[in-house]
Amino acid sequence: MDQKFSSQAYLNMELLRFTTAGSVDDGKSTLIGRLLYDSKSIFEDQLDAVKRASLLKGAEHLNLALFTDGLRAEREQGITIDVAYRYFATPHRKFIIADTPGHIQYTRNMVTGASTANAAIILIDARNGVIEQTHRHATIASLLGIPHIIVCINKMDLMDYRQEVFLDISENFRDFAGRIFPDKDIRFIPISALRGDNVVKPSVNMPWYNQGTLLHVLEILPVDQDHDLKHQRFPIQYVIRPESDQYHDYRGYAGRVAGGFFKPGDPVTILPSMIRSKIVSVDTFDGALEKAFPPMSVTLTLADDVDISRGDMITGEYDLPTIGGEFQAMVCWMNPIPLKPGGRYALKHTTRDVKCIVQSVDHVLNINTLEKMPEGTPVKMNDIASVMIRTTQPLFYDPYVKNRITGSIILIDEATHETVGAGMIL
Amino acid sequence: MNHYQLNHLKELEAEAIYVLREVAAQFERPVLLFSGGKDSIVLVHLSRKAFHPARIPFPLLHIDTGHNFQETLDFRDQLVARLNARLIVGSVQESIDTGRVTEEQGINASRNVLQTVTLLDTIEKYKFDAAIGGARRDEEKARAKERFFSHRDQFGQWDPKNQRPELWYLFNGKKRMGEHFRVFPISNWTEMDVWQYILAENIDLPSIYFTHEREVFYRDGVWLATAPFMQMKPNEQPEQRRIRCRTVGDISCTGLTLSTADTVEDIIQEIAATRVTERGGRYDDKRSEAAMEDRKKEGYF
Chain A
1 MDQKFSSQAY
11 LNMELLRFTT
21 AGSVDDGKST
31 LIGRLLYDSK
41 SIFEDQLDAV
51 KRASLLKGAE
61 HLNLALFTDG
71 LRAEREQGIT
81 IDVAYRYFAT
91 PHRKFIIADT
101 PGHIQYTRNM
111 VTGASTANAA
121 IILIDARNGV
131 IEQTHRHATI
141 ASLLGIPHII
151 VCINKMDLMD
161 YRQEVFLDIS
171 ENFRDFAGRI
181 FPDKDIRFIP
191 ISALRGDNVV
201 KPSVNMPWYN
211 QGTLLHVLEI
221 LPVDQDHDLK
231 HQRFPIQYVI
241 RPESDQYHDY
251 RGYAGRVAGG
261 FFKPGDPVTI
271 LPSMIRSKIV
281 SVDTFDGALE
291 KAFPPMSVTL
301 TLADDVDISR
311 GDMITGEYDL
321 PTIGGEFQAM
331 VCWMNPIPLK
341 PGGRYALKHT
351 TRDVKCIVQS
361 VDHVLNINTL
371 EKMPEGTPVK
381 MNDIASVMIR
391 TTQPLFYDPY
401 VKNRITGSII
411 LIDEATHETV
421 GAGMIL
Chain B
1 MNHYQLNHLK
11 ELEAEAIYVL
21 REVAAQFERP
31 VLLFSGGKDS
41 IVLVHLSRKA
51 FHPARIPFPL
61 LHIDTGHNFQ
71 ETLDFRDQLV
81 ARLNARLIVG
91 SVQESIDTGR
101 VTEEQGINAS
111 RNVLQTVTLL
121 DTIEKYKFDA
131 AIGGARRDEE
141 KARAKERFFS
151 HRDQFGQWDP
161 KNQRPELWYL
171 FNGKKRMGEH
181 FRVFPISNWT
191 EMDVWQYILA
201 ENIDLPSIYF
211 THEREVFYRD
221 GVWLATAPFM
231 QMKPNEQPEQ
241 RRIRCRTVGD
251 ISCTGLTLST
261 ADTVEDIIQE
271 IAATRVTERG
281 GRYDDKRSEA
291 AMEDRKKEGY
301 F
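Chains A and B, in that order, give the protein sequences. For reference, each letter of the first sequence is one residue, going 1 to 426 in our numbering. For reference, each letter of the second sequence is one residue, going 1 to 301 in our numbering.
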């Protein structure tokens, strides 16, 4: 063992979740394989398996894409069916990759992977430039509110590593991205996933580029502003009542902070009752805290004995979310059975379960052309639609662009119990 | 790191606690699958944190193949007593005796696959609607596709090509009668995360995780423990070695590591330097390229 592994340093690492979007042949699997391989996250037995499989298929080189192989059907068909999660770490950060398929029919997977991501890598084949699918990937990243976008222009080796190719494609992307990402953090990196240029190791073939490798960019992206720290939001998940001798009258409200800070002494309002109270303590197994912030899981106790249950929300005294049962949302449809305008669905929002009616479909977004299809267009699987939703009980929500937790919903078919739609409140 | 930012282990802990509380809130009869291995021990620890100062609001279920390391069983019983928890044991021997399953024959016989029937029978018997497990996505390629809330049909089967989309932290636990969910709160943890957490939280483990002398034999690149029910081939010789378990399953499928690590710190150094995956030493995964995928579809852990 040449270097001692530091457990202390391990406790100073941050977590970054990112998703990858690319078309079928953009080299997405190769890129992820390259990241894992060059960051030394591949183990010998995995490497041996991939070497054997590469030889078996008659490949000349180690086929990096095989590192991300999953299910039997995926191996047989050479495609990715479902989101897979990969993990690797550097001394600064631990990374979770939501590896999503690039096929058109799998928009729902991309939306799924994007929903929890801090960053999205959008891959563009340097030979093809910005194509329809690039529009689709960028639109989804924008709708899902991913704070950081990294555009990787791949296969630079096939374009002789020419700077003007990189500049042209970057400018093309900026042209249309300006419309959909008003103030987004967008970065561009010229790479060759196959050859390893600018993925983990700086490229010697592109001396004109000096903005850092992909791994470097992933390590320095600022993630501390990705939560809403201004508005106090605490959806109640579970009421803790020990009913033991030691904690006879204890009544704690367990949940995960969805926004803002919570401290003992804070005046709060409880929704939907609008009762006011004060925070007495912020409890955890490891003792009481001075302050809780997103995404901590804690238990709050209040000064007054009030009737609160799962689905209620503790908020700042005067800093309330919107309380209402009728709102507009962008919904990504995820089921083979199309959305039924006027249809009833079960709806989940934070820890709240209600029923709803999709009152109207205002327009359907053609995800490839970004055109708005007229009213009356059916909403099919992988479509994204702007809809008006009415719920049986009010929700306590914020616009998705302000808070990804209090602004998101899922729709569930009441007969099959399947998750059929994912919505972002406008 | 910013003052108002959690380190990655704390963030993973907060995520797991959130998932455990969702289970308690969304299901009527949850159960925690406890194997005596480090991952399920971490789950128990996280469950204590999630519901503190109340007791853990669900029982622990151990599927006992009858071929377990005694140290694991002793540890299990002490932990259950210390936490005043409720333990249910599903017995593979009983499934064999009542004819529900047939014991495998031959040199590589293992009760690993048989556990699935015992597990599903026990879930049905107690009408459990959610079984919390310690599986992680980094362990194996089929597991990389798992949801936090993973739906199982009436036969306990997993349909990997037709999983419910899972977005944000909105977990859909709705189901029909007779169906159930598997829930994996530490999906996003890696082997190193688990060990660092064990160190940071000072969590007790069974002694077989630490170095000790044991009679073992070598087969297909894996060290296995000798036991009355383990048949050896003519060319295999029992020998004494200093070993420890990197993962703990039952004796027939747990590959042992030659090691002198006797503290969690030593184990972490060993894992940081190792070039083989955790499941690389699992005999049950060596059966085929899709061994785990096939077992999972049938209802395995």
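Honestly, I wouldn't trust all of these hints.
[As the list claims (entries may be wrong)] With a straight-line Cα cutoff of 16 Å, these simulated EDC-like cross-link-like pairs (lysine to aspartate or glutamate) come out: (1) K175(B) x E14(A); (2) K355(A) x D286(A); (3) K10(B) x E14(A); (4) K10(B) x D224(A); (5) K380(A) x E326(A).
These aren't lab readings, by the way, just hints derived from the structure by calculation.
These are the hints, each one checked on the structure:
no.	hint	verdict
1	K175(B) x E14(A)	36 Å, violated
2	K355(A) x D286(A)	38 Å, violated
3	K10(B) x E14(A)	10 Å, holds
4	K10(B) x D224(A)	15 Å, holds
5	K380(A) x E326(A)	23 Å, violated
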